[in-house]
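Enquirer: Next come the chains, spelled out residue by residue.
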Amino acid sequence: MLSRLTNRQRTTIWGLLLTVLVSGALSTLAGADYEKTARWKAWPSSRMPKPLEARPVTFPPYEIRTLANGLKVVVVTQHEQPAVSLRMIVRAGAANDPQGRAGLANMVASLLDQGTATRSAGDVAEAIDYIGGALGAGAGTDLSFVNAIVMKDNFADGLTLLSDVARTPAFAPQEIERQRDQVVSALGVNAGDPEWVADAVIDRLIYGFHPYGLPGAGTATSVAAITRDDIVAFHQRWYAPNNAILAIVGDLSLDEAFAGAERVFGGWARRDVPAVRASEAPDATRRVIVVDRPGAVQTEIRVGNVAIPRKHADYEALDLAVKVLGGEGANRIQRVLRSERGLTYGASADIQALKQTGGIVAETDTRSETTGEALRLVVDEFFRLQREPVFELELADAQAYLTGNFPLTIETPDAIALQVLNVLFYDLDVKDLETYRARVNAIKSDDIQRVARGYLKPARLSIVLVGDARLVEPQLKSVGFGEFERVPIERLDLTAPNFLRPATAGGAH
Amino acid sequence: MAVLVALSVVERATPVAAASRPPKFDYQLHTLDNGLSIILNEDHSTPIVHVSLWYHVGSKDEPRGRTGFAHLFEHMMFKGSKNVGPEQHTSLVASIGGQSNATTNEDTTIFWNTVPSQYLPMVLWMEADRMATLRVDDATFKQEREVVKEERRMRIDNQPYGRLQEILYDKAFEVHPYKHPVIGSMADLEAATVDNVREFYETYYVPGNATLTIVGDFDSKQALELITQYFGAIPKAARPLERKIPVEPQKTRERRETVYEEWPLPAVIVAYHITYDGDPDSYPLHIVSKVLSDGQSSRIYRRLVYQDRLALAAFGQANLIEHPNLFYAVAIVQPNATPESTTKALIEEIERLKTEPISARELQRAKNQFARDYIIGRESIQQKATHLAHAYVLHNGDVTTADGEFDIFQGITTADVQRVARRFFTPQNRFVLTILPKAAAPGGSPERPR
Chain A
0 MLSRLTNRQR TTIWGLLLTV LVSGALSTLA GADYEKTARW KAWPSSRMPK
50 PLEARPVTFP PYEIRTLANG LKVVVVTQHE QPAVSLRMIV RAGAANDPQG
100 RAGLANMVAS LLDQGTATRS AGDVAEAIDY IGGALGAGAG TDLSFVNAIV
150 MKDNFADGLT LLSDVARTPA FAPQEIERQR DQVVSALGVN AGDPEWVADA
200 VIDRLIYGFH PYGLPGAGTA TSVAAITRDD IVAFHQRWYA PNNAILAIVG
250 DLSLDEAFAG AERVFGGWAR RDVPAVRASE APDATRRVIV VDRPGAVQTE
300 IRVGNVAIPR KHADYEALDL AVKVLGGEGA NRIQRVLRSE RGLTYGASAD
350 IQALKQTGGI VAETDTRSET TGEALRLVVD EFFRLQREPV FELELADAQA
400 YLTGNFPLTI ETPDAIALQV LNVLFYDLDV KDLETYRARV NAIKSDDIQR
450 VARGYLKPAR LSIVLVGDAR LVEPQLKSVG FGEFERVPIE RLDLTAPNFL
500 RPATAGGAH
Chain B
0 MAVLVALSVV ERATPVAAAS RPPKFDYQLH TLDNGLSIIL NEDHSTPIVH
50 VSLWYHVGSK DEPRGRTGFA HLFEHMMFKG SKNVGPEQHT SLVASIGGQS
100 NATTNEDTTI FWNTVPSQYL PMVLWMEADR MATLRVDDAT FKQEREVVKE
150 ERRMRIDNQP YGRLQEILYD KAFEVHPYKH PVIGSMADLE AATVDNVREF
200 YETYYVPGNA TLTIVGDFDS KQALELITQY FGAIPKAARP LERKIPVEPQ
250 KTRERRETVY EEWPLPAVIV AYHITYDGDP DSYPLHIVSK VLSDGQSSRI
300 YRRLVYQDRL ALAAFGQANL IEHPNLFYAV AIVQPNATPE STTKALIEEI
350 ERLKTEPISA RELQRAKNQF ARDYIIGRES IQQKATHLAH AYVLHNGDVT
400 TADGEFDIFQ GITTADVQRV ARRFFTPQNR FVLTILPKAA APGGSPERPR
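Chains A and B, in that order, give the protein sequences.
Numbering that gives the first Met the number 0 numbers the first residue of the first sequence as 0 and each following residue consecutively.
Numbering that gives the first Met the number 0 numbers the first residue of the second sequence as 0 and each following residue consecutively.
Just so you know, these hints were derived from the structure itself, not from any lab.
Quick reminder that beta carbons are idealized off the backbone N, C-alpha and C, glycines included.
One should not assume that every hint holds.
Simulated pairs of lysine-lysine, DSBU-like, Cα-Cα distance not exceeding 30 Å [as the list claims (entries may be wrong)]:
(1) B:Lys178 to B:Lys243
(2) B:Lys178 to B:Lys23
(3) A:Lys310 to A:Lys456
(4) B:Lys235 to A:Lys49
(5) A:Lys35 to B:Lys141
(6) A:Lys49 to A:Lys443
(7) B:Lys170 to B:Lys250
(8) B:Lys243 to A:Lys151
(9) B:Lys141 to A:Lys40
(10) B:Lys243 to A:Lys49
(11) B:Lys243 to B:Lys141
(12) A:Lys430 to A:Lys354
(13) A:Lys476 to A:Lys71
(14) B:Lys343 to B:Lys170
(15) B:Lys23 to B:Lys235
(16) A:Lys476 to A:Lys456
(17) B:Lys353 to B:Lys250
(18) A:Lys456 to A:Lys443
(19) A:Lys35 to B:Lys235
(20) A:Lys310 to A:Lys354
(21) A:Lys40 to B:Lys23
Computed footprint of chain A on chain B, listed as stretches where at least three residues anywhere in the stretch have a Cβ under 8 Å from a Cβ of chain A [said to hold, decoys possible]:
(22) 360-371
(23) 377-386
(24) 404-413
Full structure from sequences and hints, please.
Expert: Shown next, in the form of C-alpha cells:
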C-alpha cells in the first residue's frame with residue numbers, strides 16, 4: 000500500500016498523484032516472476048506525464064421562465080443531434096400516498112400513458128412509437144415524472160402528447176385493473192429478489208413508518224385497496240402547473256421551446272396544492288434483521304442510519320464524508336472488502352437525498368461464509384470515520400473527484416437540464432450550480448469529522464442481512480451482533496412492526 | 000469491470016426514412032508499425048476526452064474448461080504494471096474526476112476512460128503501461144478470482160432469472176463457445192492458474208489485436224505523437240494469432256425442453272439460430288426486433304402483455320454479434336396464465352412474420368425508432384467511440400459501417416423482412432425452453448418461497 004505520511008505533506012493534487020505512483024511502484028517486492036521477462040526489462044521506468052493546459056469550464060447556459068399559471072420551464076439548447084428531450088416533474092411521489100394506500104403515486108404515474116380524454120392506450124402507444132419517440136412515466140419518493148424524447152421534426156406532436164398524458168389521463172377502469180395485475184405480479188417477483196428485499200427492509204428500519212419507510216410500489220394489500228376515486232383524487236390534488244417543472248432540451252431555439260410550452264400548458268389552470276407536512280422519522284435504533292433465504296449463495300448486506308434532508312447546510316460536507324466512506328474517489332469500504340480481502344465484487348456507501356429527511360446506507364454482498372467478517376468491516380469503517388480525522392490525501396482525492404468530475408457532468412444537454420431540475424426541485428439556489436466546486440474545495444478535514452460525529456450513528460446502526468440464516472447466524476455473535484431477529488423471506492411483511500406476516504396453516508403462499 | 004451479457008449488448012446502428020439524418024463521424028484512422036489500430040475523432044463541445052482500448056478477445060475465444068477466463072483476465076488488468084501500482088489505474092483516474100472501467104463480452108474486452116481533456120497523456124501512458132508490462136503474480140490472481148466468483152454469485156446465482164440466458168445458451172448451442180456464459184462456471188474459474196494468465200496475455204494482449212479509439216476535446220496531431228511515444232515501443236506479438244473456434248452445426252429438428260429453477264413465475268423462451276452481425280440478412284432482423292417488441296404498440300407487447308394478459312413482461316430480440324447467434328423471445332408468465340398458451344402465442348407472432356408481410360406503417364415506425372436509437376445513441380463521446388470501435392473491430396476494419404448502416408436500414412422493404420423471417424424462423428431452427436418454479440417440479444418442495 001502507499002505511504003500516507005509522505006503524501007500528507009504534499010499540497011497539490013498533481014504532486015500527490017506522482018507520489019502515489021512512485022511509492023506504489025517501489026513497494027512491489029523485487030524479483031517477482033513477471034519482472035524477469037524480456038518484455039518487462041525492455042520497458043522503461045517512467046513517471047506519469049504532466050497534464051496539458053486545462054481549458055476553463057463553466058456551467059453551460061440555460062434559461063428558466065415561469066408561465067402565468069406557475070409552471071416553471073427550463074430550456075437547454077444544443078444543435079448537434081436532431082432530437083428533443085422533454086421532462087416533467089410533479090412535486091408529489093410515494094411519500095404523498097395516503098395512509099393504507101402505499102403504491103398510489105406509482106399507480107397514478109403508470110396509468111398516465113394508458114389512455115387520455117382523447118386517446119386510448121393503444122392510440123398513445125401508436126402515436127409515440129410511430130414518430131420514433133419514447134414516452135415513460137413513473138413515481139419516485141418525493142416526485143412523479145413524465146419523460147419523452149422525440150426527433151426535432153416531431154417536437155410539436157411530442158409536446159402535445161406529453162401534455163395530454165400529464166393533464167387529462169382517462170384512468171379507465173379496465174386499465175386500472177390491468178395495471179393493478181402488473182404491479183401485484185411484479186411485487187411477487189420482487190419479493191424473491193434479495194437486492195430488492197434488502198433495500199426495502201433497510202428503508203423500513205431507517206425511516207420506520209414515515210412514508211419513506213414503505214415500499215414505493217406498495218404491497219399486495221395496499222395496491223388491492225386502491226380505488227379509481229383514490230387515483231383521480233391524487234392526480235387532481237398534485238398534478239397542477241404550479242406544482243410542476245418542465246424541462247425542454249435539444250435541437251431548437253429558446254423561442255420555439257417557450258412558445259411550445261405556452262401552447263400546450265398555458266391553458267392548464269393553477270390550483271391550490273396542499274402543503275406537504277414533513278413528518279418525523281424515528282431516531283436511529285440499533286436493530287439487526289436476518290431475512291432467511293435458505294440455499295442463498297450470497298448475503299446481501301445493508302447498513303445505515305437516518306440522517307439529514309437534501310436542503311440542509313451540512314449536506315455537502317456529509318456527502319463528502321460518505322464519499323470517503325464508500326464513494327468515488329476514495330471508498331474505504333471498497334478498498335478494505337474488495338481490494339484487500341477479495342470478499343465482494345463491490346461495496347459502496349451513499350447518502351439518500353430526499354426532501355423531508357435522509358439516510359446514509361452502505362451496501363455490499365458476500366458469500367454466506369464471510370458474511371460476519373464483511374459486516375464487521377463495514378461497521379468498523381462507520382466507527383473509524385467518526386473517531387479519526389480523514390487523511391488529507393483521502394479528502395483531497397474525494398474533493399478532486401467531485402470537482403474534477405464537473406466537466407463530465409455537463410457533457411450532454413440532458414445532463415445539464417437534470418442538474419437544473421435538481422436545484423429547482425429541492426428549492427436550492429441556482430447559483431449553487433456555478434459555485435459547486437468552490438464550496439466542495441472549502442470543506443476541511445475538521446468539517447468532515449464534525450458531520451461524521453453529528454450524523455453517523457455507528458453504535459445504533461440498522462442492519463439487514465438477506466441470506467441463508469443457517470450459515471449466517473452462527474457468525475454474528477463473534478463479530479458483535481449476537482442480537483438479531485430472523486424473518487423467513489416468504490413471511491416478510493414490510494408493514495408489520497416485527498416484519499412478520501402471521502404464519503398460516505397451509506404454509507407460505 | 001462488468002460482464003456485458005448478451006441482453007445488454009450496445010444498441011446498434013440504424014436507418015431512417017422521414018427524420019433528418021444525424022451528422023456523420025469525422026474520424027481519422029492510423030496503424031502503428033506494431034499493428035495497433037487507432038481511431039481519432041475530435042469533438043470539442045465539452046473539455047473532456049474518452050479513450051478506449053478494445054482487445055479482440057472475448058468468451059468465445061475460451062476453450063472448454065477455461066470458461067470465464069477472458070473476463071477474469073480483464074480484472075487482472077487492474078492489478079498494476081511496471082509504472083502503475085495495483086488498483087491505481089482506477090483510483091488515479093477517479094482522483095482527477097474521471098471515470099474508467101472495463102467490460103467483457105463474447106467477442107471483445109473493452110477498457111475505457113473518460114477524463115478532463117488535459118489528462119489525455121496520463122491515460123494513454125497508463126493504458127500503454129498495462130499493455131506492455133502487466134504484473135501477474137499468484138497471490139493477486141487468487142484474490143481477484145474470489146472477487147470474480149462473488150461477481151458471478153451477485154449477477155447470476157443470487158438473482159431471480161439471473162441464470163435465464165445461461166440456461167438458454169447452454170441448451171441451444173452444442174459446440175460453439177457461445178454455449179457458455181461470459182462470466183464462466185465456478186469450476187473453471189477455480190481451475191484457472193496464473194500460467195494461463197501469462198499465456199493469455201502474450202497471445203491476445205498485443206498491439207496487433209488492439210484498437211485504440213479517442214473521441215473528444217483533443218488535437219489529433221498531438222494525440223498521435225503521444226500514442227507513438229507510449230504505444231510505439233511495445234513489441235509486435237511473437238507469433239501470429241490463430242483462432243480455432245468450433246463452428247456450430249446446422250440444426251435439423253426442433254427441440255423442446257423444460258427445466259426447474261427457484262424463480263417466482265415461469266418463463267418461456269422461443270429461440271432461433273440466426274446469422275452474424277454485418278451479414279446483409281442481419282439488418283431485417285433488427286426490424287423484426289422492433290416490430291415485435293419496441294414500444295407498447297409492438298406486436299409481442301400488445302398481444303401478450305396488453306390484450307391476452309399472458310405475460311408480466313415479454314420481448315423478442317436478435318442477438319447479432321460476431322458469429323451466428325440467436326433470436327429469442329422471452330415471456331415471464333402471469334400467475335393466471337399457462338406456459339403452454341404463452342409459448343403458443345409467442346410462436347404465432349413469429350409465424351405471422353412469415354405468412355404475411357408487416358404493414359408499411361409498421362416498417363416506417365421501425366425505421367423511425369431506429370433513427371431515434373441512432374441519434375440518441377451518439378450523444379456522448381463514449382457512445383461515439385463505442386460505435387466507431389465496434390464497426391472497426393467487428394466488421395473487419397470497415398469503420399464506414401458506423402455511419403453506413405443508417406442508409407442500409409433506409410432501404411429495407413417489407414419483402415426483405417418476410418424473406419429473412421422465412422429463412423431463419425423455421426421449426427428445425429427452433430428451440431423452445433420452459434423454465435418452471437421448482438415448487439412445480441415433480442417432487443418439488445412446496446415450502447420454497449414463491
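Enquirer: Mind checking the alpha carbons of Lys456 of chain A and Lys443 of chain A for me, to see if they're no more than 30 Å apart?
Expert: holds, 21 Å
Enquirer: Please work out if Lys243 of chain B and Lys151 of chain A have their alpha carbons no farther apart than 30 Å.
Expert: violated, 48 Å
Enquirer: Holds or violated: Lys141 of chain B with Lys40 of chain A, Cα cutoff 30 Å?
Expert: OK: Lys141 of chain B and Lys40 of chain A at ~25 Å, within 30 Å.
Enquirer: Tell me if the straight-line CA distance from Lys476 of chain A to Lys456 of chain A falls inside 30 Å.
Expert: holds, 20 Å
Enquirer: How does the coverage statement for the stretch 377-386 of chain B fare against chain A, requiring three or more residues with Cβ below 8 Å from a Cβ of that chain?
Expert: Result for this restraint: holds, n = 4.
Enquirer: Take a quick look at whether Lys35 of chain A and Lys235 of chain B sit within 30 Å of each other, Cα to Cα.
Expert: It holds: about 19 Å lies between the C-alpha atoms, which stays within 30 Å.
Enquirer: Verify the proposed pairing of Lys49 of chain A with Lys443 of chain A, using a straight-line Cα cut of 30 Å.
Expert: holds, 27 Å
Enquirer: Need the status of pair Lys353 of chain B, Lys250 of chain B: alpha-carbon distance at most 30 Å?
Expert: With a Cα-Cα distance of about 19 Å, the restraint between Lys353 of chain B and Lys250 of chain B holds, given a limit of 30 Å.
Enquirer: Hinted pair, alpha-carbon criterion (30 Å max): Lys476 of chain A, Lys71 of chain A. Please report holds or violated.
Expert: violated, 55 Å
Enquirer: Given the hinted pair Lys243 of chain B and Lys49 of chain A, is their Cα-Cα distance within 30 Å?
Expert: violated, 43 Å
Enquirer: Is the hinted pair Lys243 of chain B and Lys141 of chain B satisfied, with a Cα-Cα distance of at most 30 Å?
Expert: At roughly 28 Å apart (the allowed maximum being 30 Å), Lys141 of chain B and Lys243 of chain B satisfy the hint.
Enquirer: Could you grab the alpha-carbon distance between Lys178 of chain B and Lys243 of chain B and see if it respects the 30 Å cut-off?
Expert: Given pair Lys178 of chain B, Lys243 of chain B holds - Cα atoms ~15 Å apart, limit 30 Å.
In summary, the structure is inconsistent with hints 2, 8, 10, 13, 15, 21 and 24 from the numbered list given earlier, while agreeing with the others.
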